[in-house]
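Each chain, written out:
Protein chains: 2
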Amino acid sequence: MSLKKNLIRTALGKEPADLIIKNGNLVNVHSGEIYKTDIAVRDGLIASIGPVPEGAFGQKTQIIDAEGRYLAPGFIDAHIHIESSMLTYTAFAKAVVVRGTTAVVSDLMEVTIVSGVPGLKALLKEAESAPVKLFYPIPSFMGEEEAAYQTTGSLLLPNLIEELILLPQAIGLAEVLYPPILAEDENSARNLALAEKYGKTAEGHAPALLGEALNAYAGTGIRSDHESTNKEEALAKLRAGLRILIREGSASSDLQDVIRILTEENVDTRYISFISDDIDALHIQDFGHQDHKVRLAVQTGVSPVKAIQMVTINPAESLKLDGTRGSILPGKVADIVILSSLKDCRVEKVIIDGQLIVDEKDGQAVLQKSYPPPLYEDVLLNTVRLVASVRGADLLIEAPEKSLAKVHVIGISGANLLADALEADLPVVDDVIRADIPGDVLHIACVERYGKNGNIGKSFVRGVGLKAGAIALSVGHDHHNITVVGTNGADMAAAVNRVAALNGGIVYVRDNTVVSEIALPVAGLLSLKNGDQVADDLRRLIAILKENGCLLPSPNVTLSFVTLIFIPFLAITDKGLFDVLKFRIIDPVISAV
Amino acid sequence: MSLKKNLIRTALGKEPADLIIKNGNLVNVHSGEIYKTDIAVRDGLIASIGPVPEGAFGQKTQIIDAEGRYLAPGFIDAHIHIESSMLTYTAFAKAVVVRGTTAVVSDLMEVTIVSGVPGLKALLKEAESAPVKLFYPIPSFMGEEEAAYQTTGSLLLPNLIEELILLPQAIGLAEVLYPPILAEDENSARNLALAEKYGKTAEGHAPALLGEALNAYAGTGIRSDHESTNKEEALAKLRAGLRILIREGSASSDLQDVIRILTEENVDTRYISFISDDIDALHIQDFGHQDHKVRLAVQTGVSPVKAIQMVTINPAESLKLDGTRGSILPGKVADIVILSSLKDCRVEKVIIDGQLIVDEKDGQAVLQKSYPPPLYEDVLLNTVRLVASVRGADLLIEAPEKSLAKVHVIGISGANLLADALEADLPVVDDVIRADIPGDVLHIACVERYGKNGNIGKSFVRGVGLKAGAIALSVGHDHHNITVVGTNGADMAAAVNRVAALNGGIVYVRDNTVVSEIALPVAGLLSLKNGDQVADDLRRLIAILKENGCLLPSPNVTLSFVTLIFIPFLAITDKGLFDVLKFRIIDPVISAV
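If you read the protein sequences in the order shown, they are chains A and B. Every position in the first sequence, counted from 1, becomes a number in the numbering used here once 16 is added. Every position in the second sequence, counted from 1, becomes a number in the numbering used here once 16 is added.
Isolated chain A (complex conformation) (with noise of 0.2 Å):
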């Protein structure tokens, strides 16, 4: 809110305006109407919607004829997590402004729990010259408490939040989880303190949170959750007070279920918002971005102006962001996507801060401006040090002088994250536990990778199938140690050898030859490589792990969460196996005779 004297001049025809778009159809999320319309844009906001008076028209005025296309906000995402994509942010923002996106909310903590606030500012810097804005919300769970369970390359302990939420960037608190709150934990009234003190939100994170203590949490003023996977549970989130981001991305596709709260329900739209969570270069390709949302939602029957209010004033209010984006208004931010195609989101041009970053050429929506790639300083580059080359035998759990293992076998599967608490018996060879191939027991090993004391925790995981080789990789939450799992120690070793050589990445052996891989050198997480070149390896890393007996279809995603240990029931760490519900380290043999 400000007196902004060029504004006024350009409104008012007194001095010409930077850009004219002339018959737009625009979708005024404010009224909830679609009309045909000019825009003036000044500065980069926008100075007038309706006919442009004569005077706003200058010499060095851009003229763009719409031609009864439809003019939207620019696509906003309220909860993604950037890394998820394995792009640099600056990789990440081509991929996705083509598709309409001009602002995104992401907390960057998996770079910062690698890489520390220097690797989150460097990221955050980046991001100020890329074509999509970053906003950021600060993790709050990555405390001492969790640091007693894996070994990682930062904290973010709670004396850094309040200099966090002063970033410019900054929109509140990410994710606030909820056992703390119902715990009346200190450190979370603290950072609610801080949040309201400073006019932030505080992002929620509750999945299947329900009745009473649905009741507690939604009474601290936490704003959103991002976690219903049905309408049952986003529709009791909503009757308590939350706001309501529902989820589609490479990680949980909740679209379709949870929007029957408005095709069924018929509920209030204008607290709910569509999301990504996590969402990867080959989601992008296949599918888009918050365009894929707006299809989805439209198909289903909920109205294209509804629809596009969930992708732009819903969640710009829901962050507090509406002052200045979420809508065509004046005064306003001149994010502006313009649509060939209501129904289908056909995205033909993006206007960013009123310049025309996107504009088709050939059927296809083609970025206007080259963005150099980022050049990254050490505290992103090297981050994969072990403290020694592992070899096959450091992988695998000795049994001395014994011939058959009882042990706790972690249980995935490509259907969700969950990881069951299995058992199985193995034979031990050489006094050492050996993988039941046939019976897809295999081994599983997490390998510290920040130089700092060379834990391996070992285990047994039943689900990723594979007949043959190892797959390793850099990723996997919270803590981004290298995770293995293969059918024997010499091609897990080289597997994870290959990766710290590499600097971080996915990697395939097999008969000790590398089959396959991709260099993930930005804190162990990111390619350097475009969204589609990444999207190409992935598809045939996917396709060789498939040959080779993989079960999973997303086996990047799957393994990445397979090392958190939030999600029941069982977890791995480079301190050992985890049991989620005990909260502590156990023994991954049960007895061996």
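Just so you know, these hints were derived from the structure itself, not from any lab. In this text, all values refer to a predicted model and were calculated from it rather than measured experimentally. One should not assume that every hint holds.
The list treats identical chains as interchangeable, and a pair is accepted whether it falls inside one copy or across any two copies.
[Said to hold, decoys possible] Heads up, simulated EDC-like pairs for lysine to aspartate or glutamate below, C-alpha to C-alpha not over 16 Å straight-line:
id, residue 1, residue 2
1, 377, 364
2, 247, 456
3, 30, 200
4, 21, 200
5, 385, 369
6, 336, 212
7, 21, 202
8, 322, 284
9, 21, 201
10, 52, 369
11, 598, 162
12, 562, 338
13, 483, 243
Using the hints provided, position chain B relative to the given structure of chain A.
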């Protein structure tokens, strides 16, 4: 937003609630639904909605069985000048709380004009112990420029804005005018920047503003406007991004026309609220307050949920108060209205801060608590001071040695607040220009009442219709000097002197005798009686005036606006006849022969 331990404990059933409402039909303004539920309240806040856990039922827990009645959030009026009720804040609050009102926004400008910041703070203090919460937007147009044309008790100069915006009751700037915005005024820029700095709103005031000027005005981030008198104007403002406050009060009834933006244009309702602007005790007695607007809306076909949103969550969001009020949701203030009929918006019980304040008795909503009358100080009680008693001749215009005068005449009516610029030829008798009683051209004068200079402005008026006597009143926007209209000087002087003797009021004098009067001893604006008494007094006064020829249905309202130098085309102040378009004092006499 904060972690409140008691609320969490009651939500989880670990500690008892203060109040439980069972078997209600909740109007959930967040989800846009109505459904059966229970509610638990603790420490004046909603602890839970939905089934209340056993542990929340304590020995001291008050239980209200709603027996299927509707539970709506307390009604909010986002824009009202409470002084127009002619009631003290306490009496006003008592009159409207039984109608379901639990919070109002009032800039208290009239009291501040008379009694300055001490008077303003006395009213804010009074409001703290009244049943209805008062929020305060800072009036921004009581500056030095206007002081050239009228005498007031005090000014609100720019250096006060920052002090006032930090008051706990402050919600932002009130009624930001558009001419200074369009003129890029530095004061306006500074005020908007202050509101932005403190995260407050800037409420608008833009009668009949359309087109290019509307774009320029809306582009500054002005949040709302309450001046639309027809559908087209409201639609244009909504499309420009303003929040529409539909007015229905004693001074202007816009709802029936403006609501056609919903019933005919089907716009999104989330940015639309109902407000009163000016409302007198008669209107409250005859129609009600926000309950009346809900009834009217439902009668035109608006769904009850949407109608209730327009007096609860929508105004709360418009005022940025939705973090604490406007909805019945966990963590929000427990301001609850229990309705026996949704369609008729019939209020049976009102709960404020979790306390039962209003309950039904013999079919009437009755206050359950006594509120002692406020104790005011001299700054509010001793505000009408004439430099000297007024004589008849002081109020009339001389034209020595002339016989006929052509004069300007202020043309008023009960239809709206516009004052036409008329002319008339009047006889001059004994060197004084005389009223034309059969032609309804009467004397009007405005007597300075702050004891500062004894100014008397004089002119003529058409439209009042009085056939005998004179009416004087100490309510006159925005200076509140004593305005008198009459057929002769003697009665006019008697009426003015009686108003002064009462320390403010409305007085009708005929044949030198006070026929009817209403004392308004608080700032010369407010009665010390209760709402029904003032309504009865006013009804009697209006009837007597009508018997004496008065054509104005609400003479108290119409005559209190004939003094306002912002309403075209003519006005009267203590400094003389004011030409609104030329923005200067003019001679009431055009010529005399």
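Identify every previously stated hint that the structure contradicts and give their numbers, smallest first. Going through the list in order, the structure violates hints 2, 10, 12, 13 and respects the others.
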